[in-house]
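So the chains spell out like this:
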Amino acid sequence: MAKIFAVTIILIAIGSAIPIVMHTWDMPQDISTHGPLIDEQFKDTMLEAGISFLASQLLLAFFIWKFSDPKPGAKIKSFPGGAAGLVIAAFVLVGTEVLALGVFGAKAWASVYFAPPAANAMPVQVQAGQFAFYFRYPGPDGKFGPIHVDQINEANANFFGIDTTHDQDSKDDIVTAEMAIPVNREIHLLMHSKDVGHSFFVPELRVQQDFVPGLDLSIHFTATKVGKYEIVCTQLCGLGHYNMKAYLEVMSQEDYDNWIKQQAALQ
Amino acid sequence: MHDMSAHAVQHGAPTSFLRKHVFSLDHKVIGKQYYALALVAVFVGMFLSWLMRIHLGWGSFAIPGLHLLSKTGAPGDVMTPEYYLQLMTMHGTIMVFFVLTTAPFAAFGNFFLPIQVGAEDMPFPHFNMMSFWVTFVAFLVLVASFLVPDGPTLGGWTQYAPLSAVGSVSGPGQGLGVVLWASSIAIFCIGQLLGSLNFITTTLDMRTRGMSLMRLPLSAWAWFITSVMGLTAFAVLMPACILLILDHVAGTSFFVPSNLVINGQILPHSGGSTLLWQHLFWFFGHPEVYIAIVPGMGIVSHVLITNMRRPMLSHKVLIYSMGSLAVLSYMVYGHHMFVSGMNPYSSLAFSFPTLVITIPSAIIVLIWLGSLYGSKLRINAASLFALGFVSMFISGGISGFFLAQPSIDIMLHATYFVVGHFHLVMGVAAMFGIFAGTYFWFPKMTGRMMSEPLGKLHFWLSFVGAYCIFMPFHYLGIAGNVRRYQAFTDDYLIPLIPVHKFITIAALFTGAAQLIFLYNLIHSRFKGAPAPDNPWEGTSLEWSTATPPPHNNFGDTMPVVYHDPYQYSIEGASTDFVMQTSPEQLKNPHEEK
Chain L
1 MAKIFAVTII LIAIGSAIPI VMHTWDMPQD ISTHGPLIDE QFKDTMLEAG ISFLASQLLL
61 AFFIWKFSDP KPGAKIKSFP GGAAGLVIAA FVLVGTEVLA LGVFGAKAWA SVYFAPPAAN
121 AMPVQVQAGQ FAFYFRYPGP DGKFGPIHVD QINEANANFF GIDTTHDQDS KDDIVTAEMA
181 IPVNREIHLL MHSKDVGHSF FVPELRVQQD FVPGLDLSIH FTATKVGKYE IVCTQLCGLG
241 HYNMKAYLEV MSQEDYDNWI KQQAALQ
Chain C
268 MHDMSAHAVQ HGAPTSFLRK HVFSLDHKVI GKQYYALALV AVFVGMFLSW LMRIHLGWGS
328 FAIPGLHLLS KTGAPGDVMT PEYYLQLMTM HGTIMVFFVL TTAPFAAFGN FFLPIQVGAE
388 DMPFPHFNMM SFWVTFVAFL VLVASFLVPD GPTLGGWTQY APLSAVGSVS GPGQGLGVVL
448 WASSIAIFCI GQLLGSLNFI TTTLDMRTRG MSLMRLPLSA WAWFITSVMG LTAFAVLMPA
508 CILLILDHVA GTSFFVPSNL VINGQILPHS GGSTLLWQHL FWFFGHPEVY IAIVPGMGIV
568 SHVLITNMRR PMLSHKVLIY SMGSLAVLSY MVYGHHMFVS GMNPYSSLAF SFPTLVITIP
628 SAIIVLIWLG SLYGSKLRIN AASLFALGFV SMFISGGISG FFLAQPSIDI MLHATYFVVG
688 HFHLVMGVAA MFGIFAGTYF WFPKMTGRMM SEPLGKLHFW LSFVGAYCIF MPFHYLGIAG
748 NVRRYQAFTD DYLIPLIPVH KFITIAALFT GAAQLIFLYN LIHSRFKGAP APDNPWEGTS
808 LEWSTATPPP HNNFGDTMPV VYHDPYQYSI EGASTDFVMQ TSPEQLKNPH EEK
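The listed protein sequences correspond, in order, to chains L and C. Heads up: the first sequence runs through residues 1 to 267, numbered per the working numbering. Heads up: the second sequence runs through residues 268 to 860, numbered per the working numbering.
No lab work stands behind these hints: they were computed from the structure. For glycine and all other residues, C-beta sits at the position ideal for the given N, C-alpha and C. Some hints here could point you the wrong way.
Unchecked claim - A few chain L residues facing chain C, derived, Cβ under 10 Å: (1) T8; (2) A84; (3) S111; (4) L239.
Could you build all of it, start to finish, from the sequences and the hints given here?
Okay, structure coming up:
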């Protein structure tokens, strides 16, 4: 039975690795400027974790195969190098591995979060609420008017609580249910939640950031490929969480200019 | 190390039914009560997971009789989105608190810690009794939320604020359901704090003559380390839950900021912090992972040693490594919050200890593997589950490499990769630890043997089944499959639905295999072959007393300990194993300097 167990472990270990090696289910194609660093980090981690996984499982299987059902009178043997050797091995091998992952991973993280957005990054505001995203563009003046929570009224499509009567900055703001951005242009996304926790996740963009009620956050990114992608909510926000989504359309600058004009006309 | 005569616990053998079986002061009965509670809880939790899995595979499938659980949650026996989330929340809460904390720590620890240290009982038997009954009440309070008008909370076992703090305006179950959830967990914390106090004092102050700390078996060390974690972690969760309740019933705003608008209403809260809840919750939540798994490490080490017929390569290294896990577990909790809006520099500060914690974990695994080398491994249901634990711990642990790094977490956070990771490492591995402990200690606990063939069959189906369920979770996560969705309507998720169907089928089969265990457990309890005092030829104190142990554990004479716990395969000894209580002088004992 021990030998069958050993073979089962080997089959499971190899079987588990096959979809990874064959890329059966892969991360969606990256469309961001910062994505390659994340993808590289993911691949390096997969390689190191994969080797550790296979080596440990195969060793476990081999020892079960070899040392079960011993002959009568068999004596126990000590692993060469004993515990000290294994502790040193863990510190050296795993320590080096985690140090390398930590240092290079920090670089990838820093590229996303430590650098401020460029001065000419295009601002877009996103508001999350149960169970929809809405987007606001500042219009020609480049400024967003303030949010007045007492004026938020979904029936009147005033999702941001904009007061165009009194706020000069709000007059040209453009509110949409879909997000469109020009390709190869840095976007500065200003995030606001009106009710509970939500998240902004676009797998292709390698962006995921929670909305924190009471705390306005921002992220910045540049999309490099024209196309239509889904924005999904990943923070449990209530019964409609699974259905909270919007589309991100990455357009050529020309298409974007036309789109924003059309949206402005619709306000 | 103390003379037990000075510390004997003063309570005689009970005579009434109530004192013997219900409000018992006997740590062994309390251990069994915890086990029974965990057994009920695990089947409730598993049943809920079946319902969820069926819904995820075939969303419009009418599950016969489901409306009996909730008319509004399952009209026409088809689950509504909110009911899915309510079942999911209850599944997670029941499994984490009432199974993974209760069984390996409270159940086995209660039964065996006093015996393994050589004590008559725990030092505070009334606290011990109270800890169980408080936990039982906590379970009833949680389950009661199924009976309230809009059902249990749907906020997930993590109950992130402000969804959890603003009341029913944020969704069904978010009013009374949350209050019941938070009350249940606060009460549960009281039980764990009382239990932890007892475990710590038992270990430090109740050891019999000759039982130095380093002579304690690894299982006893694991329970001791876990109890220290429990004392500090639950002490944080309890006030957090009380504050959450106050936000509901007293109009406070601990976790709710100002200017929130839900359903067109501006909420009358101001000044709270939503991230405060996350900090408090995860300060408990990450040690909780180790509260669930460290007892399993101890139990599995104990079971493996007995079946390898040799001590671990190093007793001390394993103890220090488990201790390191406990210390580090408080420094890593922020890795649950990488994308929460926490300062991005903090993410790096939490990332490094998270990566470092893999070192003691790797040491533990390597010591297990290195000790298997050259051993005389006996294969039985207990050792199979113990070896299965090692395999699962490796698989679940290694995926932690990914989640420890904030840059990769951007892609994997809140996806099924995380679900696969924690189910393998703290769910399945911990369950395998519980199974290993059950097959190993059942004879001592009940006086009867369990069926080995049924135990092995249970193992095979569980081992293969668990991998079929939880390994594909990782693939789904890599493909961006978000967790906590009741249906997959996004364009990029639709192609993944066949994988979910496969997982559902695997979950139904693997769950059904647990009925074999249940049958084996109940049948063996009443009809199993009588167990000898030491069926596995073990060396620690639980095997030197009668089966089942008498009320005061060791009869008229308290044991005296002469050896380190695991004297197997000693050259020149009269038998293959030398018990801790054997006065036999050994020429070459296993003793670590």
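Hint check:
no.: 1; hint: T8; verdict: 7 Å, holds
no.: 2; hint: A84; verdict: 8 Å, holds
no.: 3; hint: S111; verdict: 8 Å, holds
no.: 4; hint: L239; verdict: 4 Å, holds
Of the numbered hints stated above, none is contradicted by the structure.
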